[in-house]
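Here is what each chain is made of, one letter per residue.
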Amino acid sequence: MSDRDAMSETHDCGGDAAAYALGALEPQEAEAFRAHLRECAVCRDEVEALGGVVQALPMAAPQYEAPRGLKRRVMQDVRAEQAGPARFERGRSRLVAAAAAATVAAAGVVAGIELTAGTAATVISAQVSGISGSAQLRVTDGRGELVVNHLTPPGHGHVYEVWLQSGSAAPVPASVLFDVNSAGHADVGIPGRLRGVSAVLVTPEPSGGRPKPTHTPVIVARLD
Amino acid sequence: MFSQRRNPKELADEDLMVRVRDGDARAFEVLFDRHSGPAFSLAYRMCGSRARAEDVVQDAFLSVWRAGARYDQSRGSVRAWILGVVHNRAIDWFRRESLRAAPSLEEGNAAERVAAAELTEVTVERRAEADRVRDALHELPDEQRQVIELSYYAGFTHQEIAQMLSLPPGTVKGRMRLGLGKLRISLAEEGVLP
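Protein sequences, first through last, are from chains A and B. Just so we're aligned, residue 1 is where the first sequence starts under our numbering, counting upward by one. Just so we're aligned, residue 225 is where the second sequence starts under our numbering, counting upward by one.
Just chain B, with the same shape it has in the complex (with noise of 0.2 Å):
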C-alpha cells in the first residue's frame, strides 16, 4: 500500500513491475527511461539497423506491458528480462526476415554514425559497466569470442555455425562452454556478476 503512494521514479524496478501488472502506465514509463537504452543498444547490435532496432525495441516494450504478469523476479532482475524480450524479438525478427546483422560491427560505418549521435548521453556508469562486460569477452580467445558472438548476436544455432565454420557441432558446443566459463570468471573479478 506504502508503494502505491510513491513517486514512481523511487520506485525499485521489482516494485514497478507491481504497477505495471495493475496497468499502470506512468510506472512503465519509468521502466523504459531506465532500460530503453540497453534494450535499443542491444537490438542495434543485433540488427545493424536503427529503424530495424527501432521497431525490435517498441514490439518488445509493448509486449512487457501486456504480459508484465509473466515477470517472475527468482529468475533474474527486470533488466535481465526485458532484455531478454528485446533478444527473442530480434530472434524473431531475423528467423522472419532470414536476415542478421554482421556479427561484429565495423567502427565508423555508416550504421554506427547513424546511432553515435545520441552516445554523449549514455549515462558514465552504464558506459563503465558495458566497457568491463565488452573488455571480458574481448579477452576471450577468437574461436570461443566467435561462437559466442554468432549464437547470441545473431541467433545462429550451434549446427548452422558449425557448418559455417566447418566445424564439428561438438567442437562448437564445447567452445560455447569454455568460452562461457571464462567470461563467467572474469565478470566475477569485475564484479559485475556475484
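Looking at chain A on its own, in the form it has when it is part of the complex (with noise of 0.2 Å):
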C-alpha cells in the first residue's frame, strides 16, 4: 500500500481541499488538515490549485477606488509610526486637539491651508447644528471632501445624505449618501469639482437618500 492509500484509509482525502483553501474549515478540522497536509502530495496539489482560484475572488467584488481621506489617515500613521513612538503619539494629540478646535471653529471660516502629499488643501470648518461632533470640508484642487468625526450616526433607518448648493439655488444631491463608524468617523468623497458652488450640506434621510431634502441641514460647509 502507498503512502498516498494509506492517507486516503486515514482521511477524506481532496473533500477538505477546498474548503479549507475557502477558509471554511472549523478551527480544529483546519489544524487537522495542515497535518495532513504534511503527509499528502494529492491534498498539496489541490490546495495549490484551489488556493490560486481564491486569490482571485477579490477581483469579483464591483471594483471602486479607495477613499481619498483613507490614503491621508494611513500615511500620517504611518509616517508618525516611522518617526518613533514619541511621535506618534504627539501626532494623535495633535489630531484630537484639531477635532476639538473644529468643533467650536465658526461656520465658513477657512480654517488653513495644509499640505499632504505635497498637494495643498484648503481646510473650512463647518458649522454642526442639532446633532454633536464636528466637520470640516478639505478642498484639494477643486474636490471636496467632507471629513466628520465625533458625530451623531444618523439613526436606524436613515443615512447622512450630501447636496450642493450654488446661490440662491434649491440644494441638489451629490449623490453620495453616508454612515460613520462607531467612532462618530466619516471621510466623505464629493464627486465633481466644486466650481460654482456655495455651500455643502448635509440632512439626515431615509436609508436610500431623497431628490430633495426633508430635514433642515445638520452641517454647512459655506464656500463662499
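Keep in mind that the hints were calculated from the coordinates and are not lab data. Some hints could be false.
Where chain A lies over chain B, by a calculated footprint (3+ residues, C-beta under 8 Å) [stated by the list, open to error]: (1) 233-242; (2) 253-265; (3) 302-313.
A virtual CB, placed ideally from N, CA and C, is assigned to each residue, including glycine.
Given two chains presented individually in distinct reference frames, assemble the corresponding complex, making use of the accompanying hints.
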C-alpha cells in the first residue's frame, strides 16, 4: 500500500481541500487538515490549485477606488510610526486637539491651508447644528472631501445625504450617502469639482436618500 | 543597489516590498496607490458599509507596513497577499462584531450608491479583470456559487453554512469543491489564471 493510499484511509482526501482553501473549515478541522497536508501530496496539489482560484475571488467584487481620505489617514499613521512611538503619540494628540478646535470653530471660516503628500488643501470648518460632532470640508484642486468626527449617527433606517448649493438655487443631491463608524468618523469624497458651489450641506434622510432634502441641514460648509 | 536609486513608481511590487521591509514610506505609498482600490472594493463587498470598509483597509495596510517581512514571494503576488490581509481583517471584524454583510449587495441600494460616486475613477483594465472573474462566478450553478460566496465574502464556516441551508456538511464541502474546480477552468480559459 502506498503512502497516498494509507492517507486516503485516514482522511477524506480532497474532500476538505476546497473548504480549507476558502478558510471555511472549523479551527480544529483546519489544524487536522494542515497535519494531513504535511503527508499528502495529492491534497497539497489541490490546495495549491484551488488557492489560486480563491486569490482571484476579491476581483469579483464591484471595483471602486479607495476614498481619498483613507490614504491620508494611512500615510499619517505610517509616517508617525516611522518617526518613532513618541512622535506617533504626539501626532495623535494633535489630531484630537484639531478635532476639538474644529468643534468650536465658526461656520464658514477657512481654518487653514494644509499640505498633504505635497498637495495644498484648503480646510473649511463647517457648522454642525442639532447634533454633536465636528465637520471639515477639505478642498484640494477643486475637489471636496467632507471629514466628520464624533458625529451623532443618523439613526436606524437613516443615512446622511450630501447636497450642493449654488447661490440661492435649491440644493441638488451630490449622489453621496454616508454613515459614520463607531467613533462617529467618516471621510466622504464629493464627486466632481466644486466650481460654482457656494455651500455643501448634509441632512439626515431615510435609507436610500431622497431627491430633495426633507430635513434642515445638520452640517453646512460655506465656500463663498 | 540599483533599485535603491530608482523612482519607486518604476519598481515592481516585489521590489517595493523589499523597500517597505527597510521602512521606506514612499515605497509603501506606491503600493497603497496600486492596491488600495481592490482592497477597498473587497472590504466594501464584505462589510457592506463604507465606514467599516475604510477601517478594515486602514488596519490591513498598517499591518502590511508593520509586517512586510512576512511576505513570501513563493506563495503568490503582493496584491494577493495584501488582499489576503484585508480578507482576514474583515473576517476578524465579523467575529468581533458578530455582523456580516448581506451575501450579495443589491444594486441600487443605499450602500451601493455611497461608493458608486467613486466608480468613474476605476481603470478600464481593472474593471475588465473584475468582469471576467464575476462572470465566471455567476456562470456557476446557484448552489455552488452560494456556498462560495457565503464562505469567502461573509466568512461562514462550512458547518455554519450547512446549518443555514439545512444541508449535510459533506454536501456543502462537495459544492465548494465543484464550484472552485469549475471556476479554475473558467478563469484559466479567460487568462486570469495560468
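Here is what the structure says about each hint:
1. Counting residues of the segment 233-242 of chain B whose beta carbon lies closer than 8 Å to any beta carbon of chain A gives 0, which falls below the threshold of three, so the coverage claim is violated.
2. Counting residues of the segment 253-265 of chain B whose CB falls under 8 Å from any CB of chain A gives 9; the rule of at least 3 is met.
3. A count of 5 residues in the segment 302-313 of chain B with a Cβ less than 8 Å from any Cβ of chain A is obtained; the coverage claim is therefore met, three being the minimum.
Going down the numbered hints, you'll see the structure goes against just number 1.
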